[in-house]
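Student: Okay, here's what each chain looks like letter by letter:
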Amino acid sequence: MLQGDRASDRVVPPTGFTARLTVFVSAAMAFLAVFALALSLAAGRLATTWGDELARASTVRISAPEGQMAAQTSAALRLLQQTPGVDSARALSEAEQRALLEPWFGPDLPVDQLPVPQLIEVTETADGYDAAGLRLRLQAEVPGAVLDDHARWRRPLVAAAARLKLMGWVSAILIAGAVGAMVTLAANAALAANAQVIAVLRLVGATDAYISRAFVRRFTLRALTGSGIGTFVGVLAVFLLPASGETAGFLTGLGFKGWHWVVPLLVPPLASAVAFAATVVAARRVLGDLS
Amino acid sequence: MIELDNVAYSYGGGELLSELSLQLAPGSFHFLTGPSGTGKTTLLKLCYGALRPTAGYARLFGQDVRQMGRDDIAMSRRRIGVVHQDCQFLDHLPLAENVALPLAVSGQPIASGDENLRELLAWVGLTERALALPPELSGGERQRAALARAVIMSPEVILADEPTGNVDWEMSQRLLRLLVELNRMGKTILIATHDLALIRAAKSQVPARVLRIVNRKLQAAGSEL
Numbered sequence: 001m002l003q004g005d006r007a008s009d010r011v012v013p014p015t016g017f018t019a020r021l022t023v024f025v026s027a028a029m030a031f032l033a034v035f036a037l038a039l040s041l042a043a044g045r046l047a048t049t050w051g052d053e054l055a056r057a058s059t060v061r062i063s064a065p066e067g068q069m070a071a072q073t074s075a076a077l078r079l080l081q082q083t084p085g086v087d088s089a090r091a092l093s094e095a096e097q098r099a100l101l102e103p104w105f106g107p108d109l110p111v112d113q114l115p116v117p118q119l120i121e122v123t124e125t126a127d128g129y130d131a132a133g134l135r136l137r138l139q140a141e142v143p144g145a146v147l148d149d150h151a152r153w154r155r156p157l158v159a160a161a162a163r164l165k166l167m168g169w170v171s172a173i174l175i176a177g178a179v180g181a182m183v184t185l186a187a188n189a190a191l192a193a194n195a196q197v198i199a200v201l202r203l204v205g206a207t208d209a210y211i212s213r214a215f216v217r218r219f220t221l222r223a224l225t226g227s228g229i230g231t232f233v234g235v236l237a238v239f240l241l242p243a244s245g246e247t248a249g250f251l252t253g254l255g256f257k258g259w260h261w262v263v264p265l266l267v268p269p270l271a272s273a274v275a276f277a278a279t280v281v282a283a284r285r286v287l288g289d290l291s
Numbered sequence: 001m002i003e004l005d006n007v008a009y010s011y012g013g014g015e016l017l018s019e020l021s022l023q024l025a026p027g028s029f030h031f032l033t034g035p036s037g038t039g040k041t042t043l044l045k046l047c048y049g050a051l052r053p054t055a056g057y058a059r060l061f062g063q064d065v066r067q068m069g070r071d072d073i074a075m076s077r078r079r080i081g082v083v084h085q086d087c088q089f090l091d092h093l094p095l096a097e098n099v100a101l102p103l104a105v106s107g108q109p110i111a112s113g114d115e116n117l118r119e120l121l122a123w124v125g126l127t128e129r130a131l132a133l134p135p136e137l138s139g140g141e142r143q144r145a146a147l148a149r150a151v152i153m154s155p156e157v158i159l160a161d162e163p164t165g166n167v168d169w170e171m172s173q174r175l176l177r178l179l180v181e182l183n184r185m186g187k188t189i190l191i192a193t194h195d196l197a198l199i200r201a202a203k204s205q206v207p208a209r210v211l212r213i214v215n216r217k218l219q220a221a222g223s224e225l
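Chains as they are written, first to last, in UniProt numbering: chain S, 1 to 291; chain V, 1 to 225.
Chain S with its partners taken away, still in its complex shape (with noise of 0.2 Å):
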């Protein structure tokens, strides 16, 4: 379709400024479609990460008078090991606690010298256990257990991750819809425009499909065109996003990673079949209609 079919192309006369609208709106269009690809890619990962950390680690802590610490921790253990859900517990060492509270009070706390709680690290199987019968358990088996359990604050960003990414697709939907009726509209005024050429054609025996060729080539190759430009400087754009680093929160990770890459790249296609849809519904409308 695209080498093809020159001949059937010049019965249409050139419309420049149409042309250039139709070029510009694809060209827009597919500069915010990756941008929310980029969202919506970006809000999976989030997700998936935070999903997958939530779901294998929460923790019980201890607080118990210095000489039932030992006995209670091993209490828990021991009950932990039996609950179905959990893979295993594991308490954590002095210095492992050391190292979690040394942001905040510095290397040369003595912790062996202070209250503190000891923690249990507590790996879940795939199924995970049931939160609120082991909290009842716990409360009567070791009064000084608090189990942590890191869904409770975790869930809802994942959600609100999950959610994001849903809005990136449904905007990718939605700008493709509005490529579609662009083009339509475009499309439309152009049939309109050219009613004597299509009733010139009709006259000297040209078929439906060979007048609505000259209009689907052109108005797709419009948007392969714009849609092109329009991703190529979207993905600039995403790739010269400043960099994260390790300190990756939501908005600086906004971006695409590994085959992520590709995803872009499939949208001058799309917009070009979207169009190329619309067209041909138009044309075959307007054509219908006439004698």
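A few chain V residues that face chain S, going by a derived Cβ cut-off under 10 Å, partial list only: (1) Tyr48; (2) Ala50; (3) Arg70; (4) Asp71; (5) Ile80; (6) Gly81; (7) Gln88; (8) Phe89; (9) His92; (10) Leu93; (11) Glu97; (12) Ala104; (13) Ser106; (14) Ala150.
From the structure, some residues in chain S lie toward chain V, with a derived Cβ separation under 7 Å: (15) Pro13; (16) Gln196; (17) Val197; (18) Val200; (19) Leu203; (20) Val204; (21) Gly205; (22) Ala206; (23) Thr207; (24) Asp208; (25) Tyr210.
Derived by calculation from the structure, the hints in this document are not laboratory data. If you're wondering where the values come from, they're calculated on a predicted model, not measured in any experiment. Positions of the beta carbon are idealized from the N, C-alpha and C atoms, including for glycine.
Once you've looked at the hints, dock chain V against the given chain S.
Tutor: Coordinates of chain V only, in the frame set by chain S:
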């Protein structure tokens, strides 16, 4: 080839043509006359499928127009050359390409320097205007170009609506000679015109039948011409 059988056609409320029958046999030469507004153009449009009769049957090459799809109509146009009263062209393409347009749309594009095209343009006296754009042409040149475009596919039937409407007497004689020549080559010709002098001139060259639309019906007119 083209057959109208008890055809009626009405625009909106009023009936323009009714109980009208016409048969264009291969190789025949017909004139269609009558005051303007009596339906000559409508009758021609019925003959090439641009309009469908509101009653009766129209057959193009044996096919009922009502059963023909848009593509069937397009295909039949390749066997019918039409010259309109107000000839329309693709204004952005030079005359030679406009004349060759029926070939292009039927998938047999030719170069603008093609021998047959040059001959055809010489035949209608437009060799020098081959590269002119249609808006630059005079009325007579447009009508000759339209005739050349109508015959380039070597159609079996040529329908012409007031082909001499915009040209002087000398030019109308030339166009008539072209049409007579085509008829001698076996083409079926139907010319709608109110130019009685043209009909008289034609009758001396070719056995033409003259039809007249009177009271929405078709009548053979002859003796008074």
